[in-house]
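Residue numbers (our numbering), protein chains in the order written: chain A, 15 to 835; chain B, 117 to 284.
Calculated from the structure, these hints are not laboratory results. A hint or two may mislead.
Claimed, not checked - Simulated pairs of lysine-lysine, DSSO-like, Cα-Cα distance not exceeding 27 Å:
no. : chain 1 : residue 1 : chain 2 : residue 2
1   : A       : K831      : A       : K766
2   : B       : K241      : B       : K209
3   : A       : K766      : A       : K753
4   : B       : K269      : A       : K47
5   : A       : K20       : A       : K831
6   : A       : K204      : A       : K47
7   : A       : K380      : B       : K241
8   : A       : K766      : B       : K141
9   : A       : K204      : A       : K380
10  : A       : K380      : B       : K251
11  : A       : K336      : A       : K20
12  : A       : K20       : A       : K64
13  : B       : K269      : A       : K766
14  : B       : K207      : A       : K64
15  : B       : K241      : A       : K64
16  : A       : K380      : A       : K336
The structure displayed is predicted, hence computed values, not measured ones.
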Amino acid sequence: MDNLEKARMQEQFDNSRADKYPLTEDKINYIGKREVRRIDGYDKASGAAKYTLDISLPGMLYGRFLTSPYPHAKILSMDTSQAESYPGVRAVLRYDDPELPAEADLGGHEPSSVPPLPPIAYFQGQETGAFVVADTEEIAENALKLIQVQWEVRPFVLDPEEAAQPGAPLANPEASPDGNIEQQSTYYEKFGDIEKGLAEADRIIDFRFSQGLNTWIGPERPCGIFRWNGESPELWVKQQRPHICKRSVSTWFGGIPMNKIEIHCPYQGASFGGWSQMPWNMGGHFCSAIVSRRLGRPIKWIFSRREDFYGGQMDEGVYYFKVGFKNNGLITAIQARAIVTNQNLPVFGIVTHFFENTRIPHIYAKTETAKVNKGPNVPVRCEQVPNATCFTLAFNHVAEALGMDPVRIALLNDGAEGYDMQWLNEHKQKMGFPLRDSLQECITRGKQAIGWDAKWHAPGTRRLPNGKMHGLGFTWTHEWDDSGGTGEIAMYVERNDGTVTILGCRADCGQNGETAYCQIAADELGFRLEDVHFRNQIDAGFFTMTPDTSTNLVINGFTTRNAARALKHRILEVATGPRGKTQLTEFPPAFPGKTPEELDIKDSVIFEKANPANRLTMADLVGPSGAQGPLNSVAGEPVLSGKWGINYPLRHTPPIFEYAWQVQRGTFVVGTRLRLCRQAHFMEVEVDTETGEVDIIHMITVNDVGKVVNWDGAEGQQYGGAYMGIGRGRTEEVIYDKKSGVMLNGNLLNYKIPTVLDVGPIDTILVETGMGYGPNGMIGIGEDVATVVPALIAPAVFNAIGQWADEFPLTPARVLKLLEK
Amino acid sequence: MLKLDNNLTTDSEIISFIVNGEPQKLRVEPQWTLQYVLQELLGLTGTKAFCTEGACGGCAVILDGRAILSCLTLAIECDRANIETIEGIAKAKHPLIEAYIKHSCMQCGYCTPGFIVTAKALLDKNPHPAENEIKEALAGNLCRCGTYPQHIKAIQEAACFLSGGAHG
Chain A
15 MDNLEKARMQ
25 EQFDNSRADK
35 YPLTEDKINY
45 IGKREVRRID
55 GYDKASGAAK
65 YTLDISLPGM
75 LYGRFLTSPY
85 PHAKILSMDT
95 SQAESYPGVR
105 AVLRYDDPEL
115 PAEADLGGHE
125 PSSVPPLPPI
135 AYFQGQETGA
145 FVVADTEEIA
155 ENALKLIQVQ
165 WEVRPFVLDP
175 EEAAQPGAPL
185 ANPEASPDGN
195 IEQQSTYYEK
205 FGDIEKGLAE
215 ADRIIDFRFS
225 QGLNTWIGPE
235 RPCGIFRWNG
245 ESPELWVKQQ
255 RPHICKRSVS
265 TWFGGIPMNK
275 IEIHCPYQGA
285 SFGGWSQMPW
295 NMGGHFCSAI
305 VSRRLGRPIK
315 WIFSRREDFY
325 GGQMDEGVYY
335 FKVGFKNNGL
345 ITAIQARAIV
355 TNQNLPVFGI
365 VTHFFENTRI
375 PHIYAKTETA
385 KVNKGPNVPV
395 RCEQVPNATC
405 FTLAFNHVAE
415 ALGMDPVRIA
425 LLNDGAEGYD
435 MQWLNEHKQK
445 MGFPLRDSLQ
455 ECITRGKQAI
465 GWDAKWHAPG
475 TRRLPNGKMH
485 GLGFTWTHEW
495 DDSGGTGEIA
505 MYVERNDGTV
515 TILGCRADCG
525 QNGETAYCQI
535 AADELGFRLE
545 DVHFRNQIDA
555 GFFTMTPDTS
565 TNLVINGFTT
575 RNAARALKHR
585 ILEVATGPRG
595 KTQLTEFPPA
605 FPGKTPEELD
615 IKDSVIFEKA
625 NPANRLTMAD
635 LVGPSGAQGP
645 LNSVAGEPVL
655 SGKWGINYPL
665 RHTPPIFEYA
675 WQVQRGTFVV
685 GTRLRLCRQA
695 HFMEVEVDTE
705 TGEVDIIHMI
715 TVNDVGKVVN
725 WDGAEGQQYG
735 GAYMGIGRGR
745 TEEVIYDKKS
755 GVMLNGNLLN
765 YKIPTVLDVG
775 PIDTILVETG
785 MGYGPNGMIG
795 IGEDVATVVP
805 ALIAPAVFNA
815 IGQWADEFPL
825 TPARVLKLLE
835 K
Chain B
117 MLKLDNNLTT
127 DSEIISFIVN
137 GEPQKLRVEP
147 QWTLQYVLQE
157 LLGLTGTKAF
167 CTEGACGGCA
177 VILDGRAILS
187 CLTLAIECDR
197 ANIETIEGIA
207 KAKHPLIEAY
217 IKHSCMQCGY
227 CTPGFIVTAK
237 ALLDKNPHPA
247 ENEIKEALAG
257 NLCRCGTYPQ
267 HIKAIQEAAC
277 FLSGGAHG
């Protein structure tokens, strides 16, 4: 990388300004082009795509875990003799095995320290006590039923507010002996002076709501394969953060050098944070590593479908709001408190979006965390759900109290960090962004698409000819893709055909990011798109941001761009520089007497700008690999005769390889980066007041993504996020039996995710204001829609029936309760 | 029940069937599902087990012309059956494959083969399905990534191609 590119790259580590060196429009062929063929398309359509669960190795065995039948219980004794003698069982690893350490780093969002095979279960269904390894999964499962356990059954608690009461059963007396509220985890958000804000209000409203537990449910069950190659571990991971897996493994068994560990990251059967953020998600690998070493065989460990339902999204809890506002619609104060459950990461706030996106000057919230006897809760597309839900409900409650259009309330309060749009515009200008009104643009297009002005009506006033009540709902917030992270990417030019391979180990969870990065690279290089390929599944180093910690496009976009710019420069240097001298002859430059600045690349062909007829394909520049022939030279270099009279062209170009990186720090910390891009969503419903069914007959999702790279990918996140958001808002809830603490619906028959018939048309609109922090003003979209849409059903149903939902998801039974039926 | 080699017992039976045009003769346990046999014995990993209990369509294959759920079908029931999996559909270059790629009908891709198999069975019987007929046919296929809107476009385009039109 030359010094100029390096300096520019490092300049961009300052993440709080517009892209200073965007690719010029005349160079853009693929960024933003429609119908770009996705690079994973054939694999996935043809059934050829291999997921970890599909992979089979010679001699491979299968591992399954014993799970607790009780929500809180300790193993007093365990008899595994029958399981051990069951035909086809090769080993049973027990919690009291001497090789098991008390704790190990077993993954999660951050380095962890947890028991690999715990003897105590804190939720029904927890993997506890035993790991059976057998010839088949079926045999392992049968053997698990033969394990006899004497349990000490402990009291349990499921509800966050019950858990907070004095004298409540302790959900985890080992970790929290003094009570279920984790005092050290209580999270405060304070902006301005809340008492002042309430005092300034013309009116104050209160509301409360509760959110049930929902979860991720990846189609591919949690699984992994572990194999020892001598002293070197080799893993196949169903994980969206392969670099975290490798880091964990390096800490095991007294330490394993990173350069002896090989990670494979095959296609991922969906991942929305969730499992990949769970503590203990490397427990299966750890137990497999021990047994695999004893048996000398690889082990695939697998969860049952039901086991994938334990653990969930961080928004389960109870929320209380007090909102002060002026009669003109300006909000003066947001005061909130909440109790949420089993947070395995710090709480990310419940009112942060009010600070980030509005001119509301006075904001305060206190969020407590209660331990309950359910699985761990982690970001599931994503940790911003509580924020987005609170945002949706507060704005719409204010609109209703004033009898105003909620769209009007949004525009009135739009701003940032307590200041109005004028202040925000001044900062946009300072940071080098265009002065666009993102929310206004999103709203204008969304309203038009759904026919808002013609359809909007007072709550509970429009009964349709089919007898159902009609309702409209609206919500908004900012667009995000921006927490901390590091991206590393390398690119090299292949011999023989001169194509470019991008190396950056990351999980393909389906967002089509790899195609988007190829588009960016192709445009930067001047290559044809088909000449650039992203190999993300192999561990060649260069771990780049995967779909993890909310960050992809902004970081990887810069990383890709920087690497491609450096590689292009390197290609042109090679094309103009001498290529060496051997004992037989010397090899002059491909473009003698030219400088890199006099050349350019288009459609994968190098050419002289002043004389485009002077051109050379990449294949001819780099030449063949290995024995170097037989190919004909077109580059003018000496051609030697081989001993059979075949012309052997020798190129002697050096390997052409470059790399780049991007660092993004702390942008999730409030106040470190202004939010500029907005999103707005509109929902039209029909409510059957006899059955409580809510038909979502039309949805509009509008996202300002700054600049679109890959239309299919971005729109896919819009309608895909809408489906997931609607599922969460309307049907998805993991139900536990209050008497036994046992999960009741850990299957896809009774945990209802939407089907193609369950939602009406979803229209997607992408706005391009160029106000994203990524290259050329782009910003990612993957988390946003699924996170913002869940609570949108509440204002839509309110508009239909005039009653506010106070329990989510808003199932038909809850709608009937609102209707007092 | 006596355990034999290769995880078989004395209860196992030999079945013969056609898979993607190729005759197969296998010894299977009576409780083995067709999905398990396709995946583990024949290496046809495109047939996915997602829900494992008939709720998701991820394991759909075409058995004697009908789309069925291979996770709910015992392999021993398939003796002398003619089975078509996603691999066979792809090998035959069915226009659904290219239409699914063009319309980006996949995200994680785990459920995609099940959708295509279901769509193929639909088009075999109904060459010109209306939108509501496509939705009805796909109602048993779950996609966690929410790719549903694109499937309808792709199936309509493949139908057009099969009846002599071009990929749009």
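Hint check:
no.	hint	in the structure
1	K831/A to K766/A	20 Å, holds
2	K241/B to K209/B	18 Å, holds
3	K766/A to K753/A	23 Å, holds
4	K269/B to K47/A	19 Å, holds
5	K20/A to K831/A	62 Å, violated
6	K204/A to K47/A	44 Å, violated
7	K380/A to K241/B	60 Å, violated
8	K766/A to K141/B	39 Å, violated
9	K204/A to K380/A	9 Å, holds
10	K380/A to K251/B	46 Å, violated
11	K336/A to K20/A	50 Å, violated
12	K20/A to K64/A	37 Å, violated
13	K269/B to K766/A	25 Å, holds
14	K207/B to K64/A	17 Å, holds
15	K241/B to K64/A	30 Å, violated
16	K380/A to K336/A	12 Å, holds
Checked against the numbered hints given earlier, this structure breaks hints 5, 6, 7, 8, 10, 11, 12, 15; the rest are met.
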